[in-house]
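There are 2 protein chains.
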Amino acid sequence: MKKGLSHKEKRKEYTFNKLKELGQGIVADVEQKKVPSLKIPSRGTGNIVYDDAKKYYVLGDRYGRRSLGNVKQIRKMGQMVFTANFCKDLVQREKTATIREMYYVSEGWGVEFNTQQESNTVGEDLEVALGTTREDLGLMPEEDGASVYGDLTLLDDDVELNAKKSGKSGYTISPTIDQVEFLDCGVERVLAVETMGMFHRLVQENAYDRFNTLVVGLKGQAARATRRFIKRLNTELNLPVYICNDGDPWGFHIAQVIISGSAKLAHVNYDLATPNAQFIGVTASDIINYDLPTDPLKDIDVLRLKELSKDPRYQTDFWQTEIKKMLKIGKKAEQQSFSKYGLEYIVDTYFPHKLGIEE
Amino acid sequence: MKKGLSHKEKRKEYTFNKLKELGQGIVADVEQKKVPSLKIPSRGTGNIVYDDAKKYYVLGDRYGRRSLGNVKQIRKMGQMVFTANFCKDLVQREKTATIREMYYVSEGWGVEFNTQQESNTVGEDLEVALGTTREDLGLMPEEDGASVYGDLTLLDDDVELNAKKSGKSGYTISPTIDQVEFLDCGVERVLAVETMGMFHRLVQENAYDRFNTLVVGLKGQAARATRRFIKRLNTELNLPVYICNDGDPWGFHIAQVIISGSAKLAHVNYDLATPNAQFIGVTASDIINYDLPTDPLKDIDVLRLKELSKDPRYQTDFWQTEIKKMLKIGKKAEQQSFSKYGLEYIVDTYFPHKLGIEE
Chain Z
99 MKKGLSHKEK
109 RKEYTFNKLK
119 ELGQGIVADV
129 EQKKVPSLKI
139 PSRGTGNIVY
149 DDAKKYYVLG
159 DRYGRRSLGN
169 VKQIRKMGQM
179 VFTANFCKDL
189 VQREKTATIR
199 EMYYVSEGWG
209 VEFNTQQESN
219 TVGEDLEVAL
229 GTTREDLGLM
239 PEEDGASVYG
249 DLTLLDDDVE
259 LNAKKSGKSG
269 YTISPTIDQV
279 EFLDCGVERV
289 LAVETMGMFH
299 RLVQENAYDR
309 FNTLVVGLKG
319 QAARATRRFI
329 KRLNTELNLP
339 VYICNDGDPW
349 GFHIAQVIIS
359 GSAKLAHVNY
369 DLATPNAQFI
379 GVTASDIINY
389 DLPTDPLKDI
399 DVLRLKELSK
409 DPRYQTDFWQ
419 TEIKKMLKIG
429 KKAEQQSFSK
439 YGLEYIVDTY
449 FPHKLGIEE
Chain H
99 MKKGLSHKEK
109 RKEYTFNKLK
119 ELGQGIVADV
129 EQKKVPSLKI
139 PSRGTGNIVY
149 DDAKKYYVLG
159 DRYGRRSLGN
169 VKQIRKMGQM
179 VFTANFCKDL
189 VQREKTATIR
199 EMYYVSEGWG
209 VEFNTQQESN
219 TVGEDLEVAL
229 GTTREDLGLM
239 PEEDGASVYG
249 DLTLLDDDVE
259 LNAKKSGKSG
269 YTISPTIDQV
279 EFLDCGVERV
289 LAVETMGMFH
299 RLVQENAYDR
309 FNTLVVGLKG
319 QAARATRRFI
329 KRLNTELNLP
339 VYICNDGDPW
349 GFHIAQVIIS
359 GSAKLAHVNY
369 DLATPNAQFI
379 GVTASDIINY
389 DLPTDPLKDI
399 DVLRLKELSK
409 DPRYQTDFWQ
419 TEIKKMLKIG
429 KKAEQQSFSK
439 YGLEYIVDTY
449 FPHKLGIEE
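Quick mapping for you: the protein sequence lines, in order, are chains Z and H. First residue of the first sequence: 99, per our numbering; consecutive thereafter. First residue of the second sequence: 99, per our numbering; consecutive thereafter.
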């Protein structure tokens, strides 16, 4: 893993060159007495396509041009160039800024942002224009990613650390996860769960050793950093990924976004989606087979299940069957409902069965 | 710190004995042919008192009796005894359960909980009846606490770790923070900030070394584990605690709950409140003195500020002045708004000034 440039250095070089190209293109336009303009792939719904081969959403080939020759676009193009310049500075100095900080920094730009929404959009424009991620540009979301427990050794700057020795709540995936190198790994798989309650249960029952796994606590909808981390584990370390969430449409979709990415982030799914990650439960079949304590589906659950059944990401036999079954029984169940059979049951019985592990 | 029983062992012994006493009391009642009953300090608003000497809310001396002689109380008393028995088992086996897991476990009790609210209340009843904390009883909330970065060495079970070597997002305070021993500490103070955006800024600018401090990222309203951790740093390691939040009534109150505790948890504030922790900003004076970018106060902000001005916890000159000033200027400001002067300004200028540190 240590030949030539490190993972972090490669991404820095790539991003820096992309930013330089952006500026050089504008300078070239000026020198050739052309009106400077930028080609930006369209992020409109009409250009978001589910790629059957890749198994995640990608952008199609439509694009727009943003030109200084169009009065309406001058302000936005100015903001993009200022933002790109700000990012170049961040990348060079190996710093990051939150998108909120950038919003305030823009006060000095003359084309400052009026709202946070405006600055967020320009950040995404830059991602898609350059084919890089916001994180590589040094722009960070506020929130950290998931918690990880288990035998994975990481290098974070000059600090070597192991996710089995970072405390009971594990190692926290920072927004700068692509700055981290994977040094060593003593596990065979990754098991991601929706709640920190379940995470702590798995840690307490030594699931990391018994199943030879990393345990990931997603904390609900997975942050971009979490999705990126899971993809890196899957592609760089060849670890199979299993996801177990609450048995309801929201739990289904937390898994699906890890697997097939979101439509909104179609332009960065190549870095975020893990198409061979596997959802192992809680399914409608589990609710029946394990006779779990349930709650009735609410109207909004039913509506969401019907939406999912039409979503291109759910067009497999497995999903179609499970969605129909859940609508039929009209019930949902939480991960933690296995505690009906005792705190240890889920680790002693359910997970070994689902993972195909004989203890 | 290592004489006799460890911090963790002492708390275990105390809690176990309290649980045993509860059972022995009931057995004694039965043996003496008395109707078993439990004395439970009242948690009603009439019994929550602000203690001027302690500087936090405590319970007064009113209490009620829960008796098996009262038909209405039989069910609740049964739940309390089952819960106490469940907790005794947890404490003995050094395990924990989430309050959600306990809710499901109760299915087998015959007096199962009908709602999560019901089981939460019984958990709090037990806290107040025994004079111990829910965490010591092995009952955990779902969420983890804050992130900590800096030179603090901890012992978590048999794992020794340092919060400066746990990754860029630091060490995560787990709900079981009283299971952790403080082994060594190379800092002089604690600096807690409201957002993870500011936490990452402080880490990135080496504030931990420059200010010889632990950096704590509160993630909004501080979890119980975070408040307990801060109190332990303050009382066990004698570290002064400084808090910096957004300059609005919500940021004020996040600080105040760390300092003076909440009314709702009056029965455990002895373990959670840090009365000599100090709020250093963002104040209304800061907004003026640093000419910060602001947002206008909304109606709900004004309402909240007026509430706070009457709250016993805000009856100091400092708070009365700052609340009045904020109402007068009609403006609020976020921590990150200092970025107007550049990303480093808050660390280079604001914090050294507030902490009285010359670099």
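Hints may be right or wrong, so weigh each one.
Put simply, identical chains are the same to the list, so a pair is met inside one copy or across any two.
Listed next, the in silico DSS-like pairs over lysine-lysine satisfying Cα-Cα at most 25 Å (straight line) [to be verified]:
#1 Lys-186 x Lys-110
#2 Lys-438 x Lys-186
#3 Lys-174 x Lys-404
#4 Lys-174 x Lys-426
#5 Lys-404 x Lys-362
Hint data in this document are derived by calculation from the structure and do not stem from the laboratory. Keep in mind the model is a prediction, meaning the values are calculated, not measured.
For each hint, the structure was consulted:
| no. | hint | verdict |
| --- | --- | --- |
| 1 | Lys-186 x Lys-110 | within (10 Å within a copy, 54 Å between copies) |
| 2 | Lys-438 x Lys-186 | between (55 Å within a copy, 18 Å between copies) |
| 3 | Lys-174 x Lys-404 | neither (39 Å within a copy, 41 Å between copies) |
| 4 | Lys-174 x Lys-426 | neither (50 Å within a copy, 36 Å between copies) |
| 5 | Lys-404 x Lys-362 | within (20 Å within a copy, 42 Å between copies) |
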